[in-house]
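Use the sequences and the hints to build the structure in full.
Just so you know, the sequence shown maps onto residues 72 to 390 in our numbering.
Calculated directly from the structure, the hints in this document are not laboratory data. Accuracy of the hints is not assured; some may be wrong.
As the list claims (entries may be wrong) - Listed next, the in silico DMTMM-like pairs over lysine to aspartate or glutamate satisfying Cα-Cα at most 20 Å (straight line): (1) K88 with D328; (2) K166 with E145; (3) K317 with E303; (4) K88 with E308; (5) K98 with D224; (6) K236 with E95; (7) K194 with E145.
Said to hold, decoys possible - Label pairs and their in silico Cβ distance ranges: (8) G297 with N212: 23 to 29 Å; (9) E286 with H120: 47 to 53 Å; (10) S153 with I279: 44 to 50 Å; (11) S223 with T111: 36 to 42 Å.
Please read these numbers as outputs of a predicted model, since none were measured by experiment. Where is the CB? At the ideal position from N, CA and C, for every residue including glycine.
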Amino acid sequence: MSDKLLVALSPDSSAVKVAQMAFELSKTLGLTGLAVAIETHKGPATLEHILPNVRVNYPALDALEEFSLGDALEGYISKAPSVVDGILHSVRELKPALLVMGTQGREGLSRMLEGSVAEGVLKRCPVPVLLLRKGVAVDLNRLEHVLVSVESDPGSERALEGAVKICQQTGARLTLLHVLVGSAMTYGVVYGGYPPTEAQNNFAQWRIRGVGLLERLETVARNLGGAELQLETALLETFDTSVSSKILTYACEHAVDLLTMSTSSKSGLDRLFLGSVAEGVIHHADLPVLLVGPAAQRNTVSAALEPTRVDQDIQTRSR
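Put into structure tokens, the structure is as follows:
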């Protein structure tokens with residue numbers, strides 16, 4: 072397993088704050104902190120190691136020196152045809168256990184989602200991606216409550232695995248949350264009456280499956296984390312599709328410090344930028360969100376980050 076954390080620095084003033092939070096998290100998890108600035112160019116992808124205390128005329132990296140983070144985070148410059156290629160090339164070369172990225176808040180994040188950076192990174196990144204939103208104060212030195220939103224897809228187990236490891240390293244308690252869409256109670260709230268017999272049967276079956284899912288994943292978590300893991304489960308109900316708001320409300324009411332969830336190539340990322348649960352969560356979350364995409368679920372660098380044509384002649388230099 073890798074012992075490194077990589078933070079992708081944005082070219083604006085938020086880079087230092089994101090780097091500071093990433094450094095805090097690297098200490099909390101016992102990982103070596105790395106920072107990379109991205110420059111787009113037309114040539115093949117390259118990765119340059121920046122020696123400590125060297126000014127390189129890259130605002131994001133030079134700012135780290137000003138805030139005494141230059142020695143704390145090992146600096147790199149990745150040059151590639153696009154920001155996505157630059158980030159993924161850095162991941163491929165440095166092989167971190169976790170990638171950290173900042174977002175620009177609701178409006179900025181919305182623009183990012185409408186573009187290709189987040190989508191491209193999440194689809195192909197072979198490691199989990201932690202999104203930190205600009206302007207949200209987060210103390211990553213002190214993680215006490217981790218929430219995993221689980222569904223009946225294989226990715227939930229991958230997200231759970233990462234969450235358990237974090238809890239083992241930090242002593243945080245872990246909650247497994249499943250949101251059930253459709254129940255007799257929520258039907259009555261919406262329509263003011265009792266559901267028809269057929270609907271009642273459907274609701275009963277869905278609830279049985281939801282409870283069974285939580286019981287199965289609770290066993291998985293216990294097997295991974297052992298008896299010392301502080302573990303609980305929660306089953307919420309909604310009649311409409313406001314699953315993301317249910318998740319975030321629960322996180323707020325229960326003082327969650329970190330939210331973890333998965334996306335999958337079939338039911339997650341195909342909808343991630345089309346109004347899915349994952350998009351709703353990261354669009355409105357006031358806490359760090361750790362996303363495990365399809366490539367991270369496979370966890371194979373070669374398959375997830377197969378070089379594009381411009382990557383064939385990789386040139387890695389050191390300053």
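Consistency of the hints with the structure:
1. Between K88 and D328, the direct Cα distance comes to roughly 17 Å. Compliance with the 20 Å bound is thereby established for this hinted pair.
2. With a CA separation close to 14 Å, the supplied pair K166 and E145 stays within the 20 Å bound.
3. In summary, the hint linking K317 to E303 is supported, as the alpha carbons are separated by about 17 Å, within the 20 Å threshold.
4. Under the criterion of a C-alpha separation no larger than 20 Å, the hint pairing K88 with E308 is inconsistent with the structure, at around 37 Å.
5. With a C-alpha separation of about 32 Å, the suggested pairing of K98 with D224 is violated against the 20 Å cut-off.
6. With a C-alpha separation of about 17 Å, the suggested pairing of K236 with E95 holds against the 20 Å cut-off.
7. Restraint check: the Cα-Cα separation between K194 and E145 comes to about 26 Å, which exceeds 20 Å; the hinted pair is violated.
8. Between G297 and N212 the beta carbon distance is about 24 Å. The supplied range of 23 to 29 Å therefore holds.
9. For E286 paired with H120, a C-beta distance near 48 Å keeps the hint of 47 to 53 Å intact.
10. Range check, S153 to I279: Cβ separation about 47 Å, and the 44 to 50 Å hint holds.
11. A hinted range of 36 to 42 Å holds for the C-beta pair S223 and T111, which are about 40 Å apart.
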